[in-house]
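Chains as they are written, first to last, in the numbering used here: chain Y, 1 to 445; chain H, 1001 to 1283; chain X, 2001 to 2251.
Among the hints, erroneous ones may be present.
Residues from chain X that face chain H, not an exhaustive set, calculated with beta carbons under 7 Å [to be verified]:
(1) Val-2018
(2) Val-2019
(3) Val-2020
(4) Tyr-2042
(5) Val-2229
(6) Ala-2232
(7) Val-2233
(8) Thr-2234
The hints are simulated quantities; they were obtained by calculation from the structure and are not laboratory data.
Only a predicted model underlies this, so the values are computations on that prediction, with no experimental measurement involved.
Here a beta-carbon is modelled for each residue, glycine too, at the ideal position from N, C-alpha and C.
Listed below are the residues making up each chain.
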Amino acid sequence: MTLLSISDVRRRFGDVTALDGVSLDIREGEFFALLGPSGCGKTTLLRILAGFETLDEGAVTLAGDDLTRVPAHQRPINLMFQSYALFPHLTVAGNIAYGLQRERRPKTEIKQRVDEVLERVGLTHAAKRRPQQLSGGQRQRVALARAIVKRPRLLLLDEPLSALDRKVRAEMQLWLKQLQHEVGITFVVVTHDQEEAMSMADRIAVLNQGAVEQVADPVTLYGSPATHFVADFIGANNFFPGTAVAGGLASTEFGSLPARPGAAVPGYPAILAVRPEQVSLSGGPLAGRVLDVSFYGGLSRITVSLSPASSAVSPSSAVPPSPAAPPSLTAPLSSATPPSSTAPLSSATPPSSTAPPPSATPPSSTAPLSPATPPSSTAPLSSATPPSSTAPPSLAASSLLNDKSEMSLSPGGTITVHQHGAPRVAPGDAVELGWAAEDAVLVEP
Amino acid sequence: MRRLGERFTLLGPGLAYLTALMVVPLVLVLSYSIFQRGRFGGLVHEPTGENFARLFDPLYLDVLVTSVKLAGVTTVLALLLGYPTAYAITKLPPKWKTVALIALVLPFWTNFLIRTYAWIVLLSPAGLVNDALTGWGLIDEPLQLLYRRPAIVAGLLYAYLPLMVLPLCAALERMDDELLEAAANLGARPARAFLSVTLPLSLPAVITGCVFVFVPSIGNFVVPELLGGGQTAMVGNLVRDQFLKARDWPFGATLALAVVAMLVVLLMLQAWSARRLQGGRDA
Amino acid sequence: MRRVPLWLTFVFLYVPIVVVVVMSFNAGDSPFNWSGFSLKWYGELAADEQIRTGLGNTLIVAAGSTALSTVLGTLLAVGLARHTRSKLLDAIATLPVILPDIVLAIGLLAFYALVQLTLGLYSVLLAHAVFGTAAVAAVVRTRLATTDPSLEEASRDLGANGFTTFWRITLPSLAPGVVAGALLAFTLSIDEFVIAFFTAGPQSPTLPIVIYSMVRFGVTPEINALATVLLAVTFTAILAVQRLTRLAGTR
């Protein structure tokens, strides 16, 4: 059942459009996350929900009632501030009782409910202390207790874990999720941290530049991102631009690459996204040379410089190298001009250099793409690929996964591969790589 | 060793100067209060509690009580006018805020005697206030405004009002707006949010402002003399008279110490209120 | 509605000043009843020997005490900020600012009596340097809080001794604060009445003492004229300082 309905909300600040027609339905009892980079409009949306900000257009209803006309102090919505905003002149118990006192509850009820919630957050011993005397994690629990003691219909959490250090974060993550189960309040977390959203939320809305890119559960979001932005923002990814064709992507530089169609329409420009852990180094349509190997404990990150398909094809091939292809075989493909995705797939089509238009090309992901390709690219994946292709990123690897520096849309030459355990290749090794069609997806550019 | 020499060169001269011309004089005032006055205005070096006993002589006690009352009323009025003023200033757009702050301190930087003189001009039987009141037909005869206690309060308020507004402005400016949003989010109407969050958080600044107004008010002898016509003496007048007319320095010093004692009590109150907000030990 | 108290305050602060200034141009003998425009009181003022003496004395005291305060206060500020954490020394350096002027005044009077110093102009000058030093130290310290101590460490690291570091690195970065502190000390001294009243010799009244005796003997538009001149000077000075500090701040 829909609890909070946001429809076509728009908000401008001067020349800046903070929200550009956002629509979302948040269900009763769910743990929902608004995820996006800073400046994506998530904070504005949060402030609109809390009543600190007005909207220019659109509607917000809570359980069917128009929320926009209700002043902030009368909304059955509570907010846990990013800074916690605890009152420094009140004790922990005083902070928690504050909201109940505003409801003019009888003193005995207030005391009972404050004691109850203090016990739930494990701060009974700190009831008489002041916020300044508490640790960061304790302050956060006070802020949370202060909000849930009011038993709101909806609890907003603004970057709930951002101020905590890594170790406390992991604990709080788990604890927040449990708490939400126990109290049964609808939680809406606003965060820029994909890991925070992925690990806690039932559903996530990814916001970018004031608009919703995709709303889905974490597994879908990770495995089947709808847009390039989502694929790039969540987890690590490798991208190949090209044209969507049946069974995959036609790339000017690398030929036919296997992928699920996703939201892409054949014949239109699309981007292929493949997770580093889905790429196998034990054979495939692509060839390259290992540039760098980094070992991160449970995981190795391997950077491979890709050779264009024309070079991967046997040297005797009559096909001339495409103009964008670099002369050297081992050098990283530094070409700055991305090939036009509608260009004829000259290098990728071995039989004839005067290839038919993309839609007419029948590249099959099972057809041998080059002499170097093993019999089938859908052959059993190497042991380096994790068993579950849609697993959310683990905490241990998160620093690695959050590193976006390697990600670029350009055909520019390198691909990142994750292998479990110690690396089994060394810099300079020539490798062949590929992936199964169901492990890569086409996304909107 | 080099650091030590440097420290001495930097701190030495200033501290020596302040010790000689402030600490020693204060110790002198303190020591005078326990000595007796000699027959010809000199000093008899025999410890006595007589000066302190004299503070409770009805004659002087009355002056002390009057002084506390007048300075107290001035302080309360300064707070009542100064708090909303400071609040309004912090809500101004940044450009106007600067203008308002400059406009607030400008009169304060003009000569204190001139500012007091201005009130003689205003409050005289032929002055602007009486003119206005008769002009509007509110009164038939000019009122005797000058040389009455309200005139003293007006003069003191005029002299020290900016000292109340400035610390309040600083405190309200520092106020975290998120705390008010938190109050609203927890169900407090704006008025309630002000009373339960803004006001208690600005308490240290309120007390600071009160110290800044009360202390110079109670020690002032110019305003009571010029605007009170010498009919209402305050502690400041007594101190001056003991030193410059009666030549009873020990008692004058004791009276001055009474003022210092009030200052110390107020400063302790201020420190306590500020510490309460910082929560003692900082996490 | 919210700005009503603001306007009340400004009316309260400026009406007396405006009345004083307007009446200084009165042709009549009364500072209350307007009887036409005239500059005659400014003429009287210029010819007033007492006021000229007072002004001269005040300027000597202000200049002397400012020079003394600036040197002592700047050294003290650097010393307090960089070389000690003593709460007591802090308290001594800030005490003159919060101490009621009359207490300092009688203390100094008693001190001068003790060391048998005859009261004159220098006794006022020395007295004014007490709060002047505290004022300069306070202003310079706020400036010090925003300068980077690692600059001084860098200077030492590059081989400069303590004096060279202070002279070539610390002082130049403090210059705006020192100037602002000196101006503050100067203004405070010019306006100071109570301490001067207790510590000045009978032959050397400062301008505030002259004004005090004039006001006590009765009101005349000549005081209004004097007030207007002083107002004009202070207003100009304050606005100039404001500009100066803003320029220093943007640089």
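message: Quick check on the hint: Val-2019/X CB to chain H CB, less than 7 Å?
response: With a minimum Cβ separation of about 5 Å from chain H (threshold 7 Å), the hint on Val-2019/X holds.
- prompt: Does the CB of Val-2233/X sit less than 7 Å away from some CB of chain H?
  reply: Hint violated; Val-2233/X Cβ to chain H Cβ min 9 Å, cut 7 Å.
message: Tell me if the interface restraint on Ala-2232/X is satisfied: Cβ within less than 7 Å of some Cβ in chain H.
response: 10 Å, violated
task: Answer holds if the nearest beta-carbon of chain H is closer than 7 Å to that of Val-2018/X; otherwise answer violated.
output: Violated, about 9 Å.
message: Quick check on Tyr-2042/X please, does its C-beta sit within 7 Å of some C-beta on chain H?
response: 15 Å, violated
task: Grab the minimum C-beta distance from Val-2020/X to chain H and call the hint holds if it beats 7 Å, violated otherwise.
output: 5 Å, holds
field: Restraint check, 7 Å cut-off on beta carbons, for Thr-2234/X near chain H
entry: Given a least distance of 5 Å, the restraint on Thr-2234/X holds.
field: Given hint Val-2229/X near chain H, where the shortest CB pair must fall under 7 Å
entry: With Cβ-Cβ at 10 Å, over 7 Å, it is violated.
The structure shown violates the earlier hints numbered 1, 4, 5, 6, 7.
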